[in-house]
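J.: In order, the protein sequences belong to chains A and B. The numbering used here applies: residue 243 is where the first sequence begins, and numbers increase by one. The numbering used here applies: residue 61 is where the second sequence begins, and numbers increase by one.
Because the hints were derived from the structure by calculation, they are not lab data. Just to be clear, a hint being listed does not mean it is correct.
What the hints assert, rightly or not - Think about it this way: if two alpha-carbon atoms lie no more than 20 Å apart in a straight line, the pair counts; the simulated SDA-like pairs of lysine to any residue are: (1) B:K489 with B:F547; (2) B:K484 with B:Y545; (3) A:K252 with B:M178; (4) A:K405 with A:R321; (5) B:K561 with B:F549; (6) A:K252 with B:L248; (7) A:K252 with B:M250; (8) A:K252 with B:N249; (9) A:K252 with B:R177; (10) A:K405 with A:V335; (11) A:K252 with B:A234; (12) A:K252 with B:F175; (13) A:K252 with B:A176; (14) A:K374 with A:W324; (15) A:K391 with A:S327; (16) A:K405 with A:K252.
Stated by the list, open to error - Derived contacts from chain A toward chain B, CB cut-off under 10 Å, selection only: (17) T245; (18) N246; (19) L249; (20) L254; (21) S257; (22) G259; (23) F261; (24) F263; (25) G264; (26) A273; (27) L276; (28) W277; (29) T278; (30) V306; (31) L392.
None of the values given here were measured: they were computed from a predicted structure. Glycine included, every Cβ here is placed at the ideal spot set by N, Cα and C.
Spelled out, the chains give:
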Amino acid sequence: MQTNFQLMRKLLMVSLGMFAFGYMLVPMYEAFCLWTGSNVLSLSERESKNSMNGRASMPLNTQVDTSRTISVEFDTNVRGPWHFSPMTRSLNVHPGELVTVMFEFENIQNRTMSAQAIPSYAPQQAAAHFNKIECFCFNQYTLAPGEKKLWPVTFYINPKMSKDVKTITLSYTFFEVGASV
Amino acid sequence: MSAVLDTHGHGDHAHDDHGHAPSGWKRWVYATNHKDIGTLYLLFSFTMLMIGGVLALLIRAELFQPGLQLVNPELFNQFTTMHGLIMVFGAIMPAFVGFANWMIPLQIGASDMAFARMNNFSFWLMIPAGLMLAGSFFMPGGAPAAGWTLYAPLTLQMGPSMDAGIFAMHILGASSIMGSINIIVTILNMRAPGMTLMKMPMFAWTWRITAYLLIAVMPVLAGAITMTLTDRHFGTSFFNPAGGGDPVMYQHIFWFFGHPEVYIMILPAFGIVSQIIPAFARKKLFGYSSMVYATASIAILSFIVWAHHMYTTGMPVTGQLFFMYATMLISVPTGVKVFNWVATMWRGSMTFETPMLFAVGFIFVFTMGGFTGLILSMAPIDLQLQDGYYVVAHFHYVLVAGSLFAMFAGAYYWMPKWTGVMYKESRGKLHFWWTLIAFNVTFFPMHFLGLAGMPRRYADYPMQFADFNAIASVGAFFFGFAQVYFFFFIVLPCMLGKGEKAAQQPWEGAEGLEWEVPSPAPHHTYETPPKLNADANKVIG
Numbered sequence: 243m244q245t246n247f248q249l250m251r252k253l254l255m256v257s258l259g260m261f262a263f264g265y266m267l268v269p270m271y272e273a274f275c276l277w278t279g280s281n282v283l284s285l286s287e288r289e290s291k292n293s294m295n296g297r298a299s300m301p302l303n304t305q306v307d308t309s310r311t312i313s314v315e316f317d318t319n320v321r322g323p324w325h326f327s328p329m330t331r332s333l334n335v336h337p338g339e340l341v342t343v344m345f346e347f348e349n350i351q352n353r354t355m356s357a358q359a360i361p362s363y364a365p366q367q368a369a370a371h372f373n374k375i376e377c378f379c380f381n382q383y384t385l386a387p388g389e390k391k392l393w394p395v396t397f398y399i400n401p402k403m404s405k406d407v408k409t410i411t412l413s414y415t416f417f418e419v420g421a422s423v
Numbered sequence: 061m062s063a064v065l066d067t068h069g070h071g072d073h074a075h076d077d078h079g080h081a082p083s084g085w086k087r088w089v090y091a092t093n094h095k096d097i098g099t100l101y102l103l104f105s106f107t108m109l110m111i112g113g114v115l116a117l118l119i120r121a122e123l124f125q126p127g128l129q130l131v132n133p134e135l136f137n138q139f140t141t142m143h144g145l146i147m148v149f150g151a152i153m154p155a156f157v158g159f160a161n162w163m164i165p166l167q168i169g170a171s172d173m174a175f176a177r178m179n180n181f182s183f184w185l186m187i188p189a190g191l192m193l194a195g196s197f198f199m200p201g202g203a204p205a206a207g208w209t210l211y212a213p214l215t216l217q218m219g220p221s222m223d224a225g226i227f228a229m230h231i232l233g234a235s236s237i238m239g240s241i242n243i244i245v246t247i248l249n250m251r252a253p254g255m256t257l258m259k260m261p262m263f264a265w266t267w268r269i270t271a272y273l274l275i276a277v278m279p280v281l282a283g284a285i286t287m288t289l290t291d292r293h294f295g296t297s298f299f300n301p302a303g304g305g306d307p308v309m310y311q312h313i314f315w316f317f318g319h320p321e322v323y324i325m326i327l328p329a330f331g332i333v334s335q336i337i338p339a340f341a342r343k344k345l346f347g348y349s350s351m352v353y354a355t356a357s358i359a360i361l362s363f364i365v366w367a368h369h370m371y372t373t374g375m376p377v378t379g380q381l382f383f384m385y386a387t388m389l390i391s392v393p394t395g396v397k398v399f400n401w402v403a404t405m406w407r408g409s410m411t412f413e414t415p416m417l418f419a420v421g422f423i424f425v426f427t428m429g430g431f432t433g434l435i436l437s438m439a440p441i442d443l444q445l446q447d448g449y450y451v452v453a454h455f456h457y458v459l460v461a462g463s464l465f466a467m468f469a470g471a472y473y474w475m476p477k478w479t480g481v482m483y484k485e486s487r488g489k490l491h492f493w494w495t496l497i498a499f500n501v502t503f504f505p506m507h508f509l510g511l512a513g514m515p516r517r518y519a520d521y522p523m524q525f526a527d528f529n530a531i532a533s534v535g536a537f538f539f540g541f542a543q544v545y546f547f548f549f550i551v552l553p554c555m556l557g558k559g560e561k562a563a564q565q566p567w568e569g570a571e572g573l574e575w576e577v578p579s580p581a582p583h584h585t586y587e588t589p590p591k592l593n594a595d596a597n598k599v600i601g
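Produce the complete structure using the sequences and hints provided.
T.: Rendered as structure tokens:
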């Protein structure tokens with residue numbers, strides 16, 4: 243027969259063990275979900291092409307229309323004493339695909355300037371379907387003499403855009419704010 | 061229960077006190093006597109029952125009519141949360157520990173609990189925890205309002221009272237674990253010679269299994285709420301999706317505790333009823349060993365059914381099926397118990413004193429709650445009824461009509477032993493019928509509300525639910541007053557020693573060692589191990 247204290251020690255160990263078990267449930271669940279893929283809940287996630295051996299996977303973007311390719315050309319109009327140019331001249335994208343391109347800017351004057359870029363599209367009907375999520379053209383900038391900037395434009399083309407459009411030209415013109423042009 | 065406790069042993073037991081028993085407040089604060097601690101537990105849990113009950117009545121008052129009349133929705137959420145926490149952790153669990161403290165040493169012929177000072181500590185820990193829980197209403201932002209299940213991510217966003225709530229749960233959990241260890245050691249090591257495990261009274265058996273459940277799952281709850289605490293203050297992300305955590309993880313850990321917890325709250329009730337039914341049917345308990353094995357099966361199965369609380373969290377169908385079938389499986393051992401009780405009553409010479417009324421009422425109403433549980437176990441139905449009033453009806457049928465009715469039965473059954481005074485039978489019967497009718501008026505309409513789609517935990521509801529809610533609210537107030545009546549007209553007179561003196565064996569058919577000591581039970585009993593007969597239910601010198 244065990245003494246009372248021996249038994250108490252054992253029971254205390256059990257409760258400490260169960261406290262640890264509570265914490266162990268976290269990695270155990272993680273391993274279990276990875277193994278069975280039971281944390282993949284929607285059909286589209288389960289059937290995605292980039293799934294790991296048909297089980298758990300990253301969700302696939304079903305909005306991308308891979309049947310079409312659109313050529314996007316980037317253009318800049320320099321209307322003053324500064325350098326402004328796209329780092330990529332043209333790009334082939336699928337409608338729905340999220341793309342980021344960079345633009346370079348340098349203020350070569352010896353004064354501070356305030357300026358903003360204004361976009362334009364060709365053809366015109368593409369403008370409604372060209373969705374910019376991030377663009378330097380959203381803001382005005384105050385630029386110190388000699389300041390260099392690297393600016394992103396993140397966009398996707400709405401798959402609903404007319405199938406006739408095969409090429410879009412995105413053109414930025416940089417205007418100084420408050421100065422006479 | 062001062063009447064009992066002031067009557068320190070005389071005659072045979074005169075030597076037991078050694079003339080230095082503490083008196084006054086020291087007797088209670090320094091209490092190491094299992095009977096004193098049992099009394100403290102019972103009074104504490106009754107106080108918490110009243111506090112939780114007042115919160116319930118505030119909820120019902122707000123829900124009496126559609127629209128917002130008395131409280132704003134934030135306060136309403138605090139009421140539902142605190143009602144649940146206080147009733148589960150403050151009322152039902154400590155009450156059963158109180159019963160265990162009083163009765164288990166008496167029933168197995170032990171002189172006291174194994175660790176008397178730890179027993180004192182586990183009771184007095186509950187006071188700061190109870191104060192912290194109740195006091196959280198006065199903290200900035202009010203009491204915790206995330207539901208008694210304390211689901212993340214809501215708990216990660218609440219005010220400082222959430223921390224108070226978590227600490228209170230930690231303390232209550234530590235107290236429960238100590239109490240359970242005490243009970244297990246007492247049962248395993250301190251039985252009188254001849255009291256083999258399979259001759260133990262059912263109440264001791266069910267508590268032994270309950271205590272195993274408690275030490276297995278209370279630490280898991282402690283883990284879950286500790287994770288919540290570190291998520292809140294120490295930059296971990298167990299349940300915070302922004303840091304790679306998963307709120308559903310909390311539900312899994314919580315219900316790994318939570319489902320065994322519901323059996324922790326009902327198994328001792330099974331034990332009490334298994335003692336009372338044979339006593340008043342004047343027959344041996346039908347299928348004693350099958351009762352023991354059924355209790356153990358329920359306890360084991362309770363570990364593999366937790367996710368039936370989570371069908372709507374987006375479990376795969378395979379998972380839903382597993383948990384659904386496992387849950388249904390529990391109805392088999394539970395059915396064994398119910399049929400055994402019925403078989404015990406079959407052709408017995410039954411009389412219906414108040415303990416028996418509550419025990420039979422328990423079987424009837426608890427079985428209804430069991431059946432609604434079976435309905436809810438089915439995933440396709442549960443998807444519809446989840447978090448609705450049908451669930452509220454279900455768990456009040458098993459917790460109020462189950463655990464609470466069994467505790468009333470036990471209180472009436474053993475009160476003569478505790479206080480040495482017989483309660484007034486007419487008052488007991490009035491309390492029973494009042495409670496039974498008011499209970500059903502309160503909770504039966506909730507089935508209809510749930511089926512009609514009324515969700516839980518809302519301070520307001522559309523017009524079509526108005527009638528049933530009004531009925532439920534009226535019933536709730538009647539139910540509440542019945543318990544006030546119970547305390548002032550039944551318990552208090554007995555505690556004050558007013559009334560007929562109880563015999564050592566007030567019930568004709570009752571068996572067991574608790575009836576082998578005088579009424580009221582002297583301060584010290586079975587100081588020397590008693591010699592028992594072959595059935596281990598009588599002392600033979």
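J.: Does each hint hold? Answer for all of them.
T.: Against the structure, the hints:
Proximity of B:K489 to B:F547 is assessed by CA-CA distance (about 14 Å); at most 20 Å being required, the pair is judged to hold. Taking the CA atoms of B:K484 and B:Y545, the gap is near 13 Å; set against the 20 Å cutoff, the hint holds. This hinted pair checks out: A:K252 and B:M178 have alpha carbons roughly 16 Å apart, not beyond 20 Å. For the hint linking A:K405 to A:R321, the alpha-carbon distance of about 34 Å lies beyond 20 Å, and the restraint is violated.
For the hint pairing B:K561 with B:F549, the CA-to-CA distance comes to about 16 Å; that is within 20 Å, so the pair holds. With a C-alpha separation of about 13 Å, the suggested pairing of A:K252 with B:L248 holds against the 20 Å cut-off. Only pairs whose Cα atoms come within 20 Å are accepted, and A:K252 paired with B:M250 is accepted, the gap being roughly 17 Å. Taking the CA atoms of A:K252 and B:N249, the gap is about 14 Å. The hint holds against a cut of 20 Å.
A distance of roughly 19 Å separates the Cα atoms of A:K252 and B:R177; the hinted pair therefore holds under the 20 Å criterion. With a CA separation close to 14 Å, the supplied pair A:K405 and A:V335 stays within the 20 Å bound. With a C-alpha separation of about 16 Å, the suggested pairing of A:K252 with B:A234 holds against the 20 Å cut-off. Our distance criterion of 20 Å between C-alpha atoms is met by A:K252 and B:F175, whose separation comes to about 15 Å.
Restraint check for A:K252 and B:A176: the C-alpha separation of about 18 Å stays at or below 20 Å, so the hint holds. Note on A:K374 and A:W324: the hinted pairing is violated, with a Cα-Cα distance of about 24 Å set against a maximum of 20 Å. Taking the CA atoms of A:K391 and A:S327, the gap is about 11 Å. The hint holds against a cut of 20 Å. The suggested pairing of A:K405 with A:K252 is violated, with an alpha-carbon distance near 75 Å, which exceeds 20 Å.
For A:T245, the interface hint holds, since its Cβ comes within 10 Å of a Cβ in chain B; the closest pair sits about 8 Å apart. Checking A:N246 against chain B by beta carbon gives a least distance of about 5 Å; that is within 10 Å, so the hint holds. This hint holds: A:L249 has a C-beta 5 Å from the nearest C-beta of chain B, less than the 10 Å allowed. With 10 Å as the threshold, the beta carbon of A:L254 comes within range of chain B, its nearest partner Cβ sitting at about 7 Å, so the hint holds.
Interface hint at A:S257: satisfied, since its Cβ lies 5 Å from the closest Cβ of chain B, which is below the 10 Å cut-off. For A:G259, the suggested interface contact is upheld, since its CB lies about 8 Å from the closest CB of chain B, less than 10 Å. Interface restraint check for A:F261: the shortest CB-CB distance to chain B comes to about 4 Å, inside 10 Å, so the restraint holds. For A:F263, the interface hint holds, since its Cβ comes within 10 Å of a Cβ in chain B; the closest pair sits about 7 Å apart.
Among the interface hints, the one on A:G264 holds; its C-beta lies about 3 Å from the nearest C-beta in chain B, closer than the 10 Å criterion. For A:A273, the shortest C-beta to C-beta distance to chain B is roughly 13 Å, which exceeds 10 Å, and the interface hint is violated. Using the Cβ-Cβ criterion of 10 Å, the hint placing A:L276 at the interface with chain B is not satisfied: the shortest such distance is roughly 13 Å. The beta carbon of A:W277 comes no nearer than 13 Å to any beta carbon in chain B, farther than 10 Å, and the hint placing it at the interface is violated.
Given the 10 Å rule on beta carbons, the hint for A:T278 holds: about 8 Å separates it from the nearest Cβ of chain B. Among the interface hints, the one on A:V306 is violated; its C-beta lies about 26 Å from the nearest C-beta in chain B, farther than the 10 Å criterion. Of the supplied interface hints, the one on A:L392 is violated, with its beta-carbon coming no nearer than about 29 Å to a beta-carbon of chain B, more than 10 Å.
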